[in-house]
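Which chain is which? The protein sequence lines are U and Y, in order.
If you're matching positions, the first sequence starts at 18 in the working numbering and goes up one per residue.
If you're matching positions, the second sequence starts at 18 in the working numbering and goes up one per residue.
Nothing false has been slipped in among the hints.
Identical copies go unnamed one by one, so any copy, or any two together, can satisfy a pair.
Taking lysine to any residue and the SDA-like style, the derived pairs with C-alpha atoms no more than 20 Å apart in a straight line are: (1) K92 / K107; (2) K264 / R79; (3) K92 / S33; (4) K21 / E89; (5) K92 / S26; (6) K264 / L24; (7) K92 / L25; (8) K264 / S26; (9) K21 / P124; (10) K92 / L24; (11) K22 / E86; (12) K264 / L25; (13) K447 / T197; (14) K264 / E27; (15) K22 / P98; (16) K21 / P98; (17) K68 / G82; (18) K44 / R79; (19) K321 / I458.
If you are wondering where the hints come from, they were derived from the structure by calculation, not from laboratory data.
The chain contents come next:
2 protein chains.
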Amino acid sequence: MATKKFLLSENDIPESWYNIVADMTNKPLPPLHPGTKEPIKAEDLEAIFPKAIIEQEMSTDRWIGIPEEVRELYKIWRPTPLVRAYGLEKALDTPARIYFKNEGLSPVGSHKLNSALAQAYYNKMEGVTHLTTETGAGQWGTALSFACNLFGLSLEVFMVQVSYNQKPYRRVMMQTWDATVTPSPSLSTYAGRAVKVRGKDGSGSLGIAISEAIERAVGTPGTKYSLGSVLNHVALHQTVIGLEAEKQFMLADDFPDTVIGCFGGGSNFSGISFPFLRHNLTEGKRIRIVASEPASCPKLSRGKFEYDFGDTAGLTPLLPMYTLGHDFRPADIHAGGLRYHGAGSIVSQLRRDGLIEVEDIPQLETFEAGRLFARTEGTIPAPESAHAIASVIREARRAKEEGCARAILFNLSGHGLIDMSAYDQYLEGKMRNYVLSDVEISRTLEGLESLIP
Amino acid sequence: MATKKFLLSENDIPESWYNIVADMTNKPLPPLHPGTKEPIKAEDLEAIFPKAIIEQEMSTDRWIGIPEEVRELYKIWRPTPLVRAYGLEKALDTPARIYFKNEGLSPVGSHKLNSALAQAYYNKMEGVTHLTTETGAGQWGTALSFACNLFGLSLEVFMVQVSYNQKPYRRVMMQTWDATVTPSPSLSTYAGRAVKVRGKDGSGSLGIAISEAIERAVGTPGTKYSLGSVLNHVALHQTVIGLEAEKQFMLADDFPDTVIGCFGGGSNFSGISFPFLRHNLTEGKRIRIVASEPASCPKLSRGKFEYDFGDTAGLTPLLPMYTLGHDFRPADIHAGGLRYHGAGSIVSQLRRDGLIEVEDIPQLETFEAGRLFARTEGTIPAPESAHAIASVIREARRAKEEGCARAILFNLSGHGLIDMSAYDQYLEGKMRNYVLSDVEISRTLEGLESLIP
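Isolated chain U, as found in the complex (with noise of 0.2 Å):
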């Protein structure tokens, strides 16, 4: 029953983050006008984005610097321990070494206030005095709300209507933080009439809440959007993550040969795998990397690499991305933070690569392993982070039967002390798994035309 943290002092936050694309042969593609089909400008984006944010969008800077203000509020948690998972590598009996990195320790309860307090630091820098967003199972939302409380700016919040009423503490929790909470898909935007009228998905999608949030953005005055995954700059804001574990398996005098992360829209998964990756692509080392997304929504493993919208509405560019379409409906599952149609489209391109590995778990095994985690590590995982778990528990297994020792790094992207329902589902016998059937996936794909000629 030891356990063993591995610390930094808060001088080893890191001074900049890291963006993969400067160190990627072939760069993803770019998104795309979607009137023009032509790739799009930075002016473009300018209606949503702060210029900051669309600079970083677009960068292929290697290192770009953390500003100074932001690095002292990543001080209220940063760094995050380090910690060898010493009592689960017991329960399995595997010669494995497990270690993941406790980005549930944040006082909003995960790594999403890594590019919230950025995001929202980026646009007071601007003049922005109001924001949207959207939120599945409102990590995101809460991130975002304490950090524009911080720097004075409003927030509207699109909140995914089923986890609006699966997660109810997550609404309070950005109401104490002054956000304004809507369930999507809403009556306020005609993106949600739209979905409502037609009478499908009354329990919402990331998809649409975006779409909501976007409309809200583009008509409101001193208005701007934000995104807490997906695209290029979140990506970048979380590398944080993976650049701190660097530094903390040099005090544990190891290093990973496996990476691994739950995979929704890739914020989590990019910002504990990024900083790895890169000796793979710079120095020919072989980490291998994982993702895990949820059986029910497994874009990356069974979905298709095309040009698809972000949204449902079709509001956003065009981007590169594995997908299962636009209007896919993913089902009702607790994790989320997971339930959303496409990857961002470096995460696309690094699989197009054959850079990165993906699996997909059902939802029944990711409640087993985050049970056995809280068994034996303590903290009860987000249902998000239980499917790192669940790859990591597979991971190890193989490891004893090869019986061969490795070192296997995850992220906890968060706790779960706000979905003790679904766990509550589990334990009572009462949850189910649902798992794409081979004819399902087919006439998802089969439906999902190119959008470009």
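Position chain Y relative to chain U; hints supplied.
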């Protein structure tokens, strides 16, 4: 919006707990056997506690070594940071320097794990296989559930009915760690049935839940009972909080003028304050030590010093305590951990001797304080901890009025993420105050007869 954490390494976790009894001129009066009215002997307690715990309960040694296995487990989350609350200071525009110890970072969300691990360990060492306990808000129950799960002990928790209804997520947390949770008063004990039959106190109290847990332990082979507050050994275990804080103030090159803890039975108050009070007792320092209790349950500020039972049914020894009477029924405030009729014998003696101060706070003021803290420092505090924050704010405002700087330390005993329904009520304007009138207090104390001749 700057912040500053004072961090220790795992080597700095204390190697001994501090027993304040050694330094008290007037020792606490002894607990009495309810039958003979003589001081109880160690063997009288062996039906409910393991020998090592009884020894600690009666010890006058100044330092008591922390078993290596317990200290190892403390490393799961300890040392906790000492944080300078610049954000809160700025919002209050105060010359005071405010510091807090963040005990909410434990995997169970509160300081309670400090004693839970120790108690589970000592029981395990003496061959106990099953424990019973009570829990108010559920903080103690979740901590002991995790600790018992680690040591392979089974556990039954009697959870006060009002909290069982208000905080279902804490029930699920306990079940995630394999505990059996029974709402109290229950029909499964004489003590519970007696209350139910009289039709009194359907919402329960800590006093009733303690009676039920003790009754069950005494009647079940291989079973002992465990208490999360009030008693000397629990206060002892919690001193790791203040001992760490002492070292951290050296890093901060500062020292507290005032130390504040919320007060239910005394566990977190004792933990943060006794190591500082020691300087008053042994070096003549004059640090102000303040216990912050709810206006609905003000035993220290408005109760009577008397020998009284620790539980409602009268199954405990008679304890010398400030009390509102063992059958006092506190209002259904959200700070369930503070709904207890009496104070531990050490704290009661300190109060008698004028060595600590007391403040009682109405519920609405505590939630106002909790929200301000969430907005300025990020962490949403538990309703219990919000009492301490309300006292801190009063003190910081006095500092401003007097134009006089001072350092204030308080214990953030836990986060409030499981208590968001209470914040919801507060934000919706549906929360009410419960302040006992002088008439109610007189009536309560009139009914309180001395239990010794």
